[in-house]
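Participant: Fit chain F to the given chain H structure using the hints.
Next come the chains, spelled out residue by residue.
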Amino acid sequence: MDKAILEVHNLSRSFGALRACDEVSLTLKAGEIHALIGPNGAGKSTLIKMLAGEIEPDSGDILLDGKSLRGVPAHKRVHQGLARTFQVSSIIPEYSARQNLFLALMGASGSPLGFFTRTSTDTALTKPAAALLDEFDLSMRADIPAANISHGERRQLEVALAVALQPRVLLMDEPMAGMGTDGTAALTSRLQELKQRVPILLVEHDMEAVFALADTLSVLVYGQIIASGTAAEIRSSRAVRDAYLGHGKS
Amino acid sequence: MRRETLFNFTLAGGLLGLAIVAWFVDEPFVITLLTKVFIFAIAGTGLNLALGNGGLVSLGHAAFFGIGGYAMAILASHAQSFEPMVIGPLTFDGTKSMPVIWLVAILASAFAALLIGLLSLRTSGVYFIMITLAFAQMIYYFAISWPAYGGEDGISIYVRNNFPGLNTLDPIQFFGLIALLLVIVLWLSSTLVRSRFGVALDATRQNAQRVTSVGLSPFTIRLIAFVISGAITGLAGALYADLNRFVSPSMLSWQVSGEIMVFVILGGVARLFGPLAGAALFIGMEHYLGGISEFWQFWLGLLLLIVVLWGRGGLLGVVAGERRHG
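Chains H and F are the protein sequences, given in the same order.
Position 113 of the first sequence, counted from 1, bears residue number 113 in my numbering, the numbering being contiguous throughout.
Heads up, my numbering is the position in the second sequence plus 250, with the first residue counted as 1.
Do not take every clue at face value.
[What the hints assert, rightly or not] Ranges between beta-carbon positions, derived for each pair:
1. F:R253 <-> H:E94: 29 to 39 Å
2. H:K127 <-> F:F392: 45 to 55 Å
3. F:T373 <-> H:A186: 39 to 49 Å
[Claimed, not checked] In silico SDA-like links for lysine to any residue, alpha-carbon gap of 25 Å or less:
4. H:K127 <-> F:L364
5. H:K49 <-> H:F15
6. H:K76 <-> F:L364
7. H:K76 <-> F:A458
Hints listed in this document are in silico derivations from the structure and should not be mistaken for laboratory results.
Yeah, the Cβ is synthetic: ideal placement off N, Cα and C, and Gly gets one too.
This is chain H alone, in the form it adopts within the complex (with noise of 0.2 Å):
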């Protein structure tokens, strides 16, 4: 298979006693969806967070395209190419979605801060704008503020903004949480579409929706990998059945 875009080599942090992450090391190859799956609690939410630079880890590295993120904040990984989006809608509430596209572009430019020209008028930003709503159907809801779309929309949005970053890698935290069964299935097929363009890591508790994307599954309990393989050994393993599945949903 392809080589791996993003390396992730025992990474380690703990609050306190409690180890959120453990020893973790995991890959993510062009054209797949790697899902990390595990019980509340699992480490997950870390492990993405210190993916994304939010939180430094104890030990351990991550690796862009072969290259160490360790020291490089938030912001500039995105620039090398990692792109997330969260559990709870992370959107400018008072901006439509038009505008918080705009500040997608603007930071996926690399040339952020012109002084004097109206965005508004800005066909640097206008036009993959208008693609963008297009591509994620949300033209018809453009110039409201985000703040007033409906949640699915916000949902919609978050992905979108991902992708106006034109990332190497997408890390996506839950992005099926709180969405319907129409929600789900639709977000199900866009991702389907979207890891031809771009590998995600996708941490996501609809066992429906992770079994119908993944091509790879990591099973993370307790802040250590338990299990790791394509959907099908995941199912059939004993320790996986035991720790997470057994108690679950599946």
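Facilitator: Here is chain F on its own, set in the frame of chain H:
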């Protein structure tokens, strides 16, 4: 036309008209009062960029106002006493030229804002308020104990500084100059707010996490805003010193920071003409209520209370009939 735009034109037109009427009926005091309003409006517009658009509640803008004032006084005092300023091996004659003084005031206050911003923008909320206040107080006490430039007594400049082609001692000409500067500052402010930088700044106020996650540094954006904000307020300080032909540490006192903040809140946070409306109302009340009662500040306090409790968009918010963030 939107009601707010209409109000803005009425307000600016009304104040300009008042100045012209005062000029015709020979009431220089009214012109001077209006000049003061416009200078405070410039100072408030500076603060509004940080406070309104950036959500940075600075209680230390007197530092920049005072630094602008002292930049003017130091340059002009050397020029009027014909004693060159000596900095190491270099000597300067000082200057009475307004454009040069403005440039120095802007650069000096921008530099101060850079240093203060670098340290204080690592904090937020109440801590940011306190640390900006602390820096301003440090500069205030430094000015008091600096005998070379008047210490507690301040510095008097006998003749107002020069601007090419104008008699700046004529109140209406000086007023016209200040009005022109206010227009430039308002234009700059409205341009910035609509630019990429302005979009990023307002986004940082609303959700810094999102700004980081699209690859922008909230700290850098806030720092740039703070520097521009300080520079504009510094320019206002130089103008205020020139209006009074006098500078003293009281320009650096925390009450001045509070007053500038009151202009912004009274007029309307994050609204272009908010500081002008607020300054006009404040100076108007100070003058006319001050003539009626010694306790005019009681009525100001009451008004401020009403604005904060019910009209959180300030005077302009009430006029526009819509609420922005508060």
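Participant: Would you pick out the hints that fail for this structure and give their numbers low to high?
Facilitator: Numbers 1 and 4, in rising order.
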